[in-house]
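Student: Residue numbers for the sequence shown follow our numbering, so the first one is 10 and each next one is one higher.
Treat the hints with care, as some may be off.
Stated by the list, open to error - Distance windows between CB atoms, simulated:
| id | residue 1 | residue 2 | range |
| --- | --- | --- | --- |
| 1 | Glu80 | Gly270 | 34 to 44 Å |
| 2 | Thr21 | Gln151 | 27 to 37 Å |
| 3 | Glu221 | Gly23 | 36 to 46 Å |
| 4 | Lys191 | Leu276 | 21 to 31 Å |
| 5 | Ala212 | Gly103 | 38 to 48 Å |
| 6 | Lys278 | Arg14 | 29 to 39 Å |
| 7 | Thr21 | Pro154 | 41 to 51 Å |
| 8 | Asp229 | Ala166 | 12 to 22 Å |
| 9 | Ile163 | Pro106 | 17 to 27 Å |
| 10 | Asp53 | His129 | 34 to 44 Å |
| 11 | Glu99 | Thr12 | 17 to 27 Å |
| 12 | Ala212 | Lys191 | 35 to 45 Å |
Stated by the list, open to error - Straight-line alpha carbon distances no greater than 20 Å define the calculated SDA-like cross-link-like pairs of lysine to any residue that follow:
| id | residue 1 | residue 2 |
| --- | --- | --- |
| 13 | Lys176 | Arg224 |
| 14 | Lys190 | Gly63 |
| 15 | Lys191 | Met158 |
| 16 | Lys191 | Gly79 |
| 17 | Lys191 | Glu85 |
| 18 | Lys176 | Pro162 |
| 19 | Lys190 | Pro162 |
| 20 | Lys191 | Pro162 |
| 21 | Lys190 | Leu152 |
| 22 | Lys190 | Asp53 |
| 23 | Lys190 | Gln151 |
| 24 | Lys278 | Val110 |
| 25 | Lys191 | Leu153 |
| 26 | Lys190 | Pro154 |
| 27 | Lys191 | Gly208 |
| 28 | Lys278 | Asp53 |
| 29 | Lys176 | Asp53 |
Think of the hints as simulated: they come from the structure by calculation, not from any bench. Everything numeric in this text was worked out from a predicted model, so none of it was measured. C-beta: ideal position from N, C-alpha, C; glycine also.
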Amino acid sequence: MTTSREWEFAGTRGAVTARIWAGGEPRYVAVLVHGYGEHLGRYDHVADVLVRHGAVVCGPDHMGHGRSAGERVLIEDFEDVVADLHTLVESARGDHPGLPVVMIGHSMGGLIATRYAQLHGGLLTALVLSGPVLGNWHVAEQLLPLDEMPDVPIDTATLSRDPSVGKAYTEDPLVWHGPFKKTTVRALDTAMRRIGEHGSLGALPTLYVHGEDDRLVPPDATRVGIEAVRGEDLTERIYPGARHEVFNETNRDEVLTDVTGFIERQLPK
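The whole structure should be built from the sequences, with the hints applied where relevant.
Tutor: Below, the structure is given as structure tokens:
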């Protein structure tokens, strides 16, 4: 397994911890954008596959997540998270001038990556979205009218058909196991609306992957968001029976092969 190293940079709301995985001479930069309540340390196996494919892989723990500063899972405006991501991308481009940049976002990270592509798509060679929070998300719709956020633990069986994934998630001290923050839910809703209003990703090659049995971010709801932003080059894979974390699913090898195959087709020959 490829080992990672950490570093810090000044984010919009405090210090942001980032990771990098590298090996050999890279052909491209892959930027990983993690989801709500988790951290980039859960993506070691994804980074390993990408490094073996020829990438130098990097990404941040978002503000209030993982090892980064800030009140846990509190995000007031996702434009701040996008700005932090841009700082990281610019740093990676400075370290690896001329290399293509591919962004891979999961769940809430898919929302962040989509917004990044809308604002800075000219810097990207390709975009990969995994179960992205786009369109109409039932969790936001249910929580926004409430005065107090319910403290109901996630059913980890919804993450993957592999029970070891849920066990590791439960035991991970860097994963947030408490309730949503109302401010964050409001910011998520605002970001989804902003993305839908902004519209198409244009000519940016985009791979959209989703588990057919994703109950946390149902594909039917995401479909609205995908149709709002889809550009001229969209590839789509819906995996039968798969749940929310397709990179951690029982068919993860198939999913990651689809991802690297898509990236390969976008790289300069």
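Student: Now tell me, hint by hint, if it's right for this structure.
Tutor: Hints, one by one, checked against the model:
1. Glu80 / Gly270: 34 to 44 Å: Because 40 Å falls inside the window, the suggested range holds.
2. Thr21 / Gln151: 27 to 37 Å: holds (29 Å)
3. Glu221 / Gly23: 36 to 46 Å: holds (38 Å)
4. Lys191 / Leu276: 21 to 31 Å: violated (43 Å)
5. Ala212 / Gly103: 38 to 48 Å: violated (25 Å)
6. Lys278 / Arg14: 29 to 39 Å: holds (31 Å)
7. Thr21 / Pro154: 41 to 51 Å: About 29 Å separates the Cβ atoms of threonine 21 and proline 154, which means 41 to 51 Å is violated.
8. Asp229 / Ala166: 12 to 22 Å: holds (20 Å)
9. Ile163 / Pro106: 17 to 27 Å: violated (41 Å)
10. Asp53 / His129: 34 to 44 Å: Given a distance of about 26 Å, which is not inside 34 to 44 Å, the answer is violated.
11. Glu99 / Thr12: 17 to 27 Å: Holds - the Cβ-Cβ distance for glutamate 99 and threonine 12, about 25 Å, lies within 17 to 27 Å.
12. Ala212 / Lys191: 35 to 45 Å: At 38 Å between Cβs, range holds.
13. Lys176 / Arg224: holds (18 Å)
14. Lys190 / Gly63: With a Cα-Cα distance of about 39 Å, the restraint between lysine 190 and glycine 63 is violated, given a limit of 20 Å.
15. Lys191 / Met158: Holds: lysine 191 and methionine 158 sit about 7 Å apart, inside 20 Å.
16. Lys191 / Gly79: At roughly 16 Å apart (the allowed maximum being 20 Å), glycine 79 and lysine 191 satisfy the hint.
17. Lys191 / Glu85: Measuring from Cα to Cα gives roughly 10 Å; hence the hint holds.
18. Lys176 / Pro162: At roughly 13 Å apart (the allowed maximum being 20 Å), proline 162 and lysine 176 satisfy the hint.
19. Lys190 / Pro162: holds (14 Å)
20. Lys191 / Pro162: Roughly 16 Å separates the two Cα atoms, so the pair holds.
21. Lys190 / Leu152: Answer holds: lysine 190 to leucine 152 is near 10 Å, not above 20 Å.
22. Lys190 / Asp53: violated (28 Å)
23. Lys190 / Gln151: holds (13 Å)
24. Lys278 / Val110: holds (15 Å)
25. Lys191 / Leu153: Holds, at about 7 Å.
26. Lys190 / Pro154: Holds - the C-alpha atoms of proline 154 and lysine 190 are around 13 Å apart, at most 20 Å.
27. Lys191 / Gly208: Outside the cut-off at roughly 26 Å; violated.
28. Lys278 / Asp53: At roughly 28 Å apart (the allowed maximum being 20 Å), aspartate 53 and lysine 278 break the hint.
29. Lys176 / Asp53: holds (17 Å)
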